[in-house]
Amino acid sequence: MFHRLLSVVRRQRTGRGWQNWSSGRSGASAAEAHSVALPAQAHVVICGGGIMGTSVAYHLSKMGWKDIVLLEQGRLAAGSTRFCAGILSTARHLSIEQKMADYSNKLYQQLEQETGIQTGYIRTGSIFLAQTQDRLISLKRINSRLNVIGIPSEIISPKKVAELHPLLNVHDLVGAMHVPEDAVVSSADVALALASAASQNGVQIYDRTSVLHVMVKKGQVTGVETDKGQIECQYFVNCAGQWAYELGLSNEEPVSIPLHACEHFYLLTRPLETPLQSNTPTVVDADGRIYIRNWQGGILSGGFEKNPKPIFTEGKNQLEIQNLQEDWDHFEPLLSSLLRRMPELDTLEIMKLVNCPETFTPDMRCILGESPLVQGYFVLAGMNSAGISFGGGAGRYLAEWMVHGYPSENIWELDLKRFGALQSSRTFLRHRVMEVMPLLYDLKVPRWDFQTGRQLRTSPLYDRLDAQGARWMEKHGFERPKYFVPPDKDLLALEQSKTFYKPDWFDIVESEVKCCKEAVCVIDMSSFTKFEITSTGDQALEVLQYLFSNDLDVPVGHIVHTGMLNEGGGYENDCSIARLSKRSFFMISPTDQQVHCWAWLKKHMPEDSNLLLEDVTWKYTALNLIGPRAVDVLSELSYAPMTPDHFPSLFCKEMSVGYANGIRVMSMTHTGEPGFMLYIPIEYALHVYNEVMSVGQKYGIRNAGYYALRSLRIEKFFAFWGQDLNTLTTPLECGRESRVKLEKGMDFMGRDALLQQKQNGVYKRLTMFILDDHDTDLDLWPWWGEPIYRNGQYAGKTTSSAYSYTLERHVCLGFVHNFSEDTGEEQVVTADFINRGEYEIDIAGHRFQAKAKLYPVTSLFTHKRRKDEVELSDLHGK
Amino acid sequence: MPGAAGLRGRAGWRGRARGAPLPAAGSPPPRAVSRPPPRGGWVRLLRSSPPLRARPGLPPPAWSDGSPLLRARPPPPPPLMSISALLSMGRCCCRCCCPRGLWMLSAPCCDDRRMCVCPGPRRIGIPVGSSGLPLFSDAMPAPAQLFFPLLRNCELSRIYGTACYCHHKHLCCPPLYLPQSRLRYSPHPVYATFCRPKESWWQYTQGRRYASTPQKFYLTPPQVNSILKANEYSFKVPEFDGKNVSSVLGFDSNQLPANAPIEDRRSAATCLQTRGMLLGVFDGHAGCACSQAVSERLFYYIAVSLLPHETLLEIENAVESGRALLPILQWHKHPNDYFSKEASKLYFNSLRTYWQELIDLNTGESTDIDVKEALINAFKRLDNDISLEAQVGDPNSFLNYLVLRVAFSGATACVAHVDGVDLHVANTGDSRAMLGVQEEDGSWSAVTLSNDHNAQNERELERLKLEHPKNEAKSVVKQDRLLGLLMPFRAFGDVKFKWSIDLQKRVIESGPDQLNDNEYTKFIPPNYYTPPYLTAEPEVTYHRLRPQDKFLVLATDGLWETMHRQDVVRIVGEYLTGMHHQQPIAVGGYKVTLGQMHGLLTERRAKMSSVFEDQNAATHLIRHAVGNNEFGTVDHERLSKMLSLPEELARMYRDDITIIVVQFNSHVVGAYQNQE
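Chains as they are written, first to last, in this note's numbering: chain A, 1 to 878; chain B, 1 to 676.
For reference, chain B alone in the conformation it holds in the complex (with noise of 0.2 Å):
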């Protein structure tokens, strides 16, 4: 395949089908058809679940609407070799396309679920055009071929599913990363010339499958409740002699997956050694071990650098002699946000000296800590000691693997510190933080306290250009994208963007076979001359909270990219105060005559039944984020057939959604004003 040109979308994806070798004699196809399989139909008739069109309401997606899409599409790829370059997707996480339309696969590398390293969905795409085709079928197991001819039905159809999305993700997938909902149809110029009457697609199915009448398949309000609520987490400050002398009145928080497993993170905390509360959400990409590592790490890093000598002293005594350490933080965690308990010997010893330095720098002089220094030290350090692990590697060959899955998967990450009126968001990546107020109307306005670390932010393009020589400046961002594949700029992790080509290649070749055998690992970017390319150094925007600031909302980008900034602060602030509306009411000593209060009680209800349903603002808004209509309500049955989806076809639209809603307590704020 032609290098440029087979990065280029379909044409890539064509060149590839025409060059794929035919059927070997004799190899039947997956499944005992007697006709030759008709041109794109492969996938509707091996699959055994009912077909998704026959959902109502729902845009179908591409692969499955008799769209131009699927007249566009070639021929189905020859089945013995993508049913086992499939095979392996399948049983990966990752179930997209590279945004050049190329095949983004990993090696059949993992037994297990949770240890895949594999490409993550859409972050990054590896144009495997260019290594040829052999490769897949050299790296395809061998008991993949001998089960070939077992694979159950279900099985295949589920393969081929996948491949279907893959394979039709690159056609719609403009240069640009489009926002989930763009995956449905939609009469875009590009299709048109592929586009013809959705009849004569008809024909192809033999009318036999398609014709059943839609298989009705709807969650009842009480299991979207369940499963919407699964991973809900509230926190309340708690009060003491009935007043809350904090900030923050409690915060709300909850994530829906898309991925399987989902990819995303939260971490919440108090610091107990220094005032103030940590909160961060962590989305991952390539795999979940990242943003897992870093959702465990990050605060102790933030803590530790936040700690006055003294403490940090204290602290290193206490080790040393075995006594009881002092708590750093108090966790809030929901009972899914686990800790692995496995490598917190080794990063406990990361911490350690990573304070044993701090202690050496400081020499005791200034008390005084900037916070926004010490975020961007800890984001660093930790960035660095995940670096470091993965090269020094472990004795222990599974806590070795693990470094190395940290280090090699990627997590953006924004955290916000709150002390007093004091609010420090640090942000690496495209995750957001944003702000509610209240204005004096009543009315919403949302104030942006991260930036983007991506494509979208013209800075950052810069900062990129600067750091790199002149003659990259137009391979370091491609396609919007980091060397065409990485979409956010900053990251935890990814080390295949930091390390040179030689530190990657000496790790990979002295690392364990899972790791070796890995395609994803195995590649390196294209255009690779100067790394690193990437960094986790945050930027850190400092807000001073006012009374009006009402509320923060933390959430990686599955959330901002279905909803406007604007609805998410108008939907948070409508809960919040809404919840205060629910107050009896009282006649008391005023003139209220029977009509008024009919009037008053039945708009009361009216706004009871329809959206306060959740106790948890993150809920709420989730239930917004998939649930919302045109009108911008949410739409019950559109709910369902969202949550409903199965594992392979949800993260076609949606990503993994993670929301943290904190609340600020304006009487206290207030009265810091007032203070001065």
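So here's chain A without its partners, still in its complex pose (with noise of 0.2 Å):
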């Protein structure tokens, strides 16, 4: 059948040198599988033979780890990565995934010669087509980042996508990217290389064997029980592909791995009369919805469709994947899309129309790393489809996290931690991924949000802010306001305001950053983490004093900015801590940190029933009462006085506000503007924020969102962890040295790197970027990920960005790096490198000019303007 044609490799069988898997033999009988007994004990026991596997194993056993066993419930490489299309391409929208792929391409290009498996490696290239200006938009973005991680590609004509690929009809295209690096393999076989030189460095592999669930052992793995005897090990690795989800929760502690199977259709042809080269590059056209790859001669072309066919819901756990059902029907739109692409194929014949689950996960990205509740539980799957381009380089930073600790490039964007136990209901999953699937091939602009699994987390004011017009966005499972929508105003519909210029909302934020400025907002950001942490005695402080970098031994009531401080100094998270006693503290972190911050906290803190953490996310409504009139509005509420004398900066109290007692009124906005943070017991919420909004109507009160927000706080350059700063980011790289305790004396996380780093100086610097020739209306929008040039070479790339109201110009932030120009490595940045440079950022190709700030523009916001403020009060009062 196909199968033997898709996998060439059956040839091979008998010849190499994995014959020596304990039961690898596909001709094996069950009786012979069943004879060979599993190792009671290995290192590391890896579950799944795809390629996520084996490419584990193949990573692993490069290290030098030994004794590692990968069991497989069918036989190696079946599954999806069988059914598989065996694209590789390196046109990724996250720089990770990119360097993935390129890894992937370099390692599967070398793998023939390191294992003499042939893995129908060809180098095609890839052709990406643009029906419209706003996909060649989008190419163009791709573009300017895939070379200055140097891969090579360019973007097109129409004429030349002709001459590239003789079938494709070109005259509805608009553009096109090129990357000729790309190429084709043959799935199957890259697995079975990866595997037979894993297994030729020592890795055992078993196939037949199911993985039943995984013991733990207070919180750390301690061994497999699999459906052929018991494996003890330190170390598991979830490579299940679509069933991960289930063996997750297989688990007597649950691990959830939020993942869903959707049906995915492609067609293969006869060979065309004249067949085609093996090296027709691969076309994706993905307004068209669908995918060409030359095969054998004729063509393999899938699709993601706008209706996808979620299964295994109720998760059935089949020992391997049997051909699914065919279905026409469903293919029509895409077939529809193939002949318009082209015409010519109108007489080829059919072969077959493939049915294979592929695996999505919630947000379009893959799913890397440690489970935050079981030690040694690590997790590779969800590929969305993309399995062949990211197996090599996921594998390698997984078995790079397992040996050393941590991976070399910052993950965060695929980290399992990413996701808390409430992205894991099947119903969410299932409606998610129809979602999710269609979207791989739709535009992907600036600020979209998904629409399925919404109003998950609300803060009690959801209701309320929403008639008032309020549009949400949600984080980690939890509504946030983006800005709220005035009566009197209409915005377009989802779909037209998809867009890479200036958005509808502009006006809208603009007003309710005018009024954080000027009179005074409130911000609902209740989704922010916040954990309590108390003891009976020190401990707490004690504890505190070592995982954070700042000095927490402060007098009660004083609020610290602290990092979360990793071994090599990079932030784990950045968060505020008030101390609210002597022996409690209160700590508030970016929501999504809800479960990395839970996980390290508790893998850090000693076993000790006298130290209790505490998430107290679901106690308090959070509202933010940022502007010069917050005073005002507080200090009418609690008949006490806020101004600075009474209440300074970064000071934390209780009091009352209206009838409600007990509010934690903190002196700080996250945003550098003057106001005040209310925590606020949930069931006051709605009162307080009643009570806040009727008194505030004098000073010129409204309601705003996190785009306001985020204006401000760029503006300010305050860096958000997340966006701007990542485990891989020091204080010193971020001009945070003032908020590290170097210099008194006492030990924490990430000391030793960061006084290595004082000495010998930073290798990258966090700098505000202002555009300065950017039309606002007219050009491209900044978003990230915009690569920087320092005096026409690359330095870096942008984190964040956003419009400032106040400069009225874009500001971007990002890292600036000093590659050395004859050997291209990283040297020193200094002050000086920074300050003394032209900067250019490059928005989807074309470059703007920008000013580089290490410290925020200060002279423009001074409180000069007295006078102004107190008219404007008047006019607002009446």
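A couple of the hints might just be wrong.
Said to hold, decoys possible - Taking lysine to any residue pairs in the SDA-like style, the calculated list, with each CA pair at most 25 Å apart, reads:
#	chain 1	residue 1	chain 2	residue 2
1	A	306	B	604
2	B	591	A	275
3	B	591	A	268
4	A	218	A	253
5	B	591	A	340
6	B	522	B	384
7	A	306	B	598
8	B	591	A	273
9	B	591	A	298
10	A	764	A	150
11	A	582	A	340
12	A	582	A	614
13	B	372	B	338
Just so you know, these hints were derived from the structure itself, not from any lab. This structure is a prediction, so every number in the text was calculated from the model and none was measured.
Quick one: dock chain against chain with the hints and give me the complex.
Below is the structure:
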């Protein structure tokens, strides 16, 4: 059958060095397979013999780990790997994904040489077609990012496309991107080659062995229960693909791995009359929702339809995926699209319509990393049908993580801990993947929000705000207001508002920002993660002093901005900690830190019954009162003086607001603007909100959303963890030396690394860029990930950007590196180096001049408009 | 009003209008309008709902159009008189007129729509002209008079609206009953004389109310579906060992109301003591009481008639000794198909009397039961029981009233009995049974298995004439109606056409007040000399099923008057076979090119998206019946408008529709054939 054709490798089956698999011979009878005993113990057990499992095994063994066992429930390289279309494409939206794909490409290329197993690797290159200008912009953005990491690619004209591929209809194209080094492989053979190499390095591979569940003791993996006996182990790697979710749930303490399978269809044809060259480029027509590659002189074409068919929601754990039913009616739109793109195929004979399950995740990114609950339980799954592209790189990063304790790149975007248990509902997954799968080929525009699986976690004020015109975004399942549409204002419909240019909410956010600057605004920030750490004695302080980089031994009532650093000095979390009493601390971190931070603290806190860590996120509604008049509102509501003398900045106090008592009021706003955060026990939320709004009326109060907050904090050079900061950036690299207790002689995590860095100097530096010649109305807007050029040389990438209504310019934050012109090596970055450069930011191939700043533009923000303010407040009062 | 002349269409109306007393001085028009009501404009002024003609695409109802009809309309009736009379109409469910153009009114007898005993839509008309107008004002209850000034505008508008339809209908009702679609305006020569330029009519309306932009009120496809599917029911004959041994695969049924409440009923049941399946549709008139009773009871009578002697004895013994009764029927009911609990005891006793008589009659010699005879007996017996129960009455006042309502209202019935290859259809009235036959070339043809019992049926006319003296030959069927009143020539109930005048008077006088107050029941048909004029005896057709007989459609005349039988059979046939087309396709080992596959898929998709959104053949048929445009395809806009018609208007455009589609199992039928 065609599988045989697809996996050319079977021919070599008798030949090479993989007979030393313990039972890997597919010809082995069942009885024989049963006779092979599993080892009683191992260092690592990998579950899953697809491309992911074999890649992890390959890299672990390469890094010198021994005693690795790989278990596969069916045959090696079966499952999705066998059915994979085998397209390796580096044109990805995330840098980390680009890097993974690039590494995979290089790995597969030399794999045949290394193992002697043919992998079907052919460098064909790929062409990404654009039918619309917007698509072309999207491609240009990818193009400029590919170039800076050393992957050649170019934007080409339709005419050039026709030259590259003889069959393409190019009449409706506006352009295309050509990536010449992309390749096609036989995915099953790649997996077999990796397995073979791993096996040569001592990895023991057992097929027809199912993992039943993973044994865990005290939050640590102790072994694996299989249908053929137990194996003791320290590490378990879940590479079970679409069954990873089920396997995770089978644990006594379930590990939540949110992914779900959908049926995926592709078409195989017989060869053309003049068979296609084997190096004919792969074509991706995202507007037509299809991909086309050459396949044995004919073509292989599939796509991501608008109406996906999710499967296995109830979780059928079959031994091997049987070939699912072909559904031609379902494939019809894609077939139409194919014939439109290649009209000459009309007479080509069909060979087969393949239906194979592909796994998708709730946010279109793969899942990689360690379980937050079970130490030693690693996961690599949920490839969103890019398994072949990511296989090599993802395997490598996971292996690095296991061997070194952390990967060499920042993989937060792919980290399992970005999800919590709340993303593991079957219904949620089923609905969300139905949105995700078509989104793979949809246009990805800035500030896109998922539409499904919403309104899961909401603040008690949700309905109130919604009625006032709030538009919502979702973070970690929590609904947050983006901005508030005034009653008389109509925004574009969802589809029309997708743009790379100035968005339709520009004016709305402007008025919200203005109000924050001149009067007062309320932002519901309940989504932020809130922990309380208390102890009977001084344990809490001791632990925190070690885990956090700033000095927390401050008087009660003070708030400290601090980082939670890893051994390398990089930010694991960036948070604000208020000292509520001698022995208790209140910690505020970004929304998506809920799982990660919890896991980190749990891992590093001693087992001590006197030390209590509690997640109080759900207990408090947080209101952010931003603006010069916040003081007036609050003092009127509490009959307490709120002036800086009585209530200095970064201060926390429990007080009454309206009728409600025990509100934690903090004099900070996360934006650098004056104002207060109110942490309100949820039952008071509505009352306090109503009071604030009614009292605030005469001060011109209004609701605001996160977009206003974002604009405010970026123009003030406030970096946010998860966007600007990550596990590989240190406080010294972002000018936060003042927030580190290096001089106090106290030990804390990451201190050595920081001291080292202080001595050697930093190799990158967070810098703020103000775009000079950027026309807000006409030019493409920056987003994040735009390359930064210093004196014409690539110097780094932006991490976030926003329009500053105060500066009336776009502001981007980004890291500047100093790559040696000769060797490309990274060199020390000094303030002088930054200041002396001429900078440009590349937005979709167009470079805009930018001014670099290492510190916020303070002069613009001084309070010199007292008179105006008074007048304005009078205006609002009326 | 002079009798004969007064019974003639518009002449009658005019006569009455002219003869009507002027409004009493000081009695204001229902709503303070400073200027005199424009001719024919009352209704428009008082309507609070948007003008109907504002709905684009829908043929405007006659009254709202600036049409010749409206021109022809005389001044509105005197407010006091008409409102009270019309009020009763509004509350009763009758909203049509007698064929001769006279007001058809019921006395304001009913407080509850369900209890209402009044002439059903268009089946019966009562000439009230002869009894004179005072009758109405007399009959009007005092409260209505008192309430009159307080009536809310909307109420008035509804009433007026109702009045208007009636009033118009007589103008457009030609002597023959016209299908509802004929109510739409068409330039019929008859109207020509009344025709004046459209514009001149508009001047009466002062332009204001009518200049408003058409208000859009469309139902979305899901809303349409929820209306159409509200009553749908499907039954699949269960399989044993993966085999369906019955000649019936299953059936789909559905009904769409036009009257409120709907007067149609349906029943389906499997006979448990004998083989066979019973399916029937029942079209009620003058209320739903009779059709309801027949739908509950008829199948029991049929089943009992079919039972062999021993089984009857067994059952009787069981009842006698208080043992559990053998179940006779397994009902296949939609949740909306209710059984009246109150009357069950009464009904059971009548049934028991019937089987006791059967036991007494049968000496146990002939074991062969003739289905045809059984059906006829059952029909006649049930009608007889209905009649008897009404004459005897019941000590329970509710039941007493119920049996009278059943007897004074009427129902037609069309029942199919399928047992193996033997198909019997027993029909009384004008519902129809149609067999869908697939010819060798795959095309569909319709075989009618029942005869309509109405004026279009020569043999029925003949029968009626023979049953009555020669001198009645002219009066027994007038204007295609029995005694000029009733459209179907056979029906259950309708004792007004069955009992002698004496009996009627006696029963009404001794009956409950509600009945006594009811003008309709009191009224004796004209030329009523030699009752009975009406029978419930069915005409039974036998058909031996062949493999090419794929399905049977049983439907009330609501369907048949909107669709031709050929179209019905074709649509159902294509629907049922189309279902098979939707099986997935596989390339298998065949040589198929991408182009060929693409063509095939596009074709399938076109088919899928347009028509096959129903899972129920009856729903599918209703969708076509209501929503078909001139091209014979379902037009959503039209469908949406038809279904969003207000209650009062719906009856103008369509009748209640009830459909049962029985699908036959060709394999089993074929196997029967081969056995012989």
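Keeping to a limit of 25 Å between CA atoms, is the pair of residue 372/B and residue 338/B held or broken?
-> violated, 28 Å
Can the restraint linking residue 591/B and residue 273/A be considered satisfied, given a maximum Cα separation of 25 Å?
-> holds, 15 Å
Has the given pair, residue 764/A with residue 150/A, been kept, meaning a C-alpha gap of at most 25 Å?
-> holds, 19 Å
Given the proposed pairing of residue 582/A with residue 614/A, does the C-alpha separation stay at or below 25 Å?
-> It holds: about 17 Å lies between the C-alpha atoms, which stays within 25 Å.
Given the hinted pair residue 306/A and residue 604/B, is their alpha-carbon gap at most 25 Å?
-> Roughly 19 Å between the alpha carbons, so the hint for residue 306/A and residue 604/B holds.
Given the proposed pairing of residue 591/B with residue 268/A, does the C-alpha separation stay at or below 25 Å?
-> Holds - the C-alpha atoms of residue 268/A and residue 591/B are around 13 Å apart, at most 25 Å.
Given the hint that residue 591/B pairs with residue 298/A, does the C-alpha gap stay at or below 25 Å?
-> This hinted pair holds, its Cα atoms lying about 15 Å apart.
Taken at face value, is the distance from the CA of residue 384/B to the CA of residue 522/B at most 25 Å?
-> Given pair residue 522/B, residue 384/B holds - Cα atoms ~21 Å apart, limit 25 Å.
For the pair we were handed, residue 591/B and residue 340/A, check the Cα-Cα distance against 25 Å.
-> At roughly 21 Å apart (the allowed maximum being 25 Å), residue 340/A and residue 591/B satisfy the hint.
Hint consistency between residue 582/A and residue 340/A [alpha-carbon to alpha-carbon, up to 25 Å] = Given that 25 Å is the threshold and the Cα spacing comes to 72 Å, the pair is violated.
25 Å limit on alpha-carbon distance, applied to hinted pair residue 306/A and residue 598/B = holds, 18 Å
Verify the proposed pairing of residue 218/A with residue 253/A, using a straight-line Cα cut of 25 Å.
-> holds, 10 Å
Violated hints, in rising order: 11 and 13; the structure is consistent with all others.
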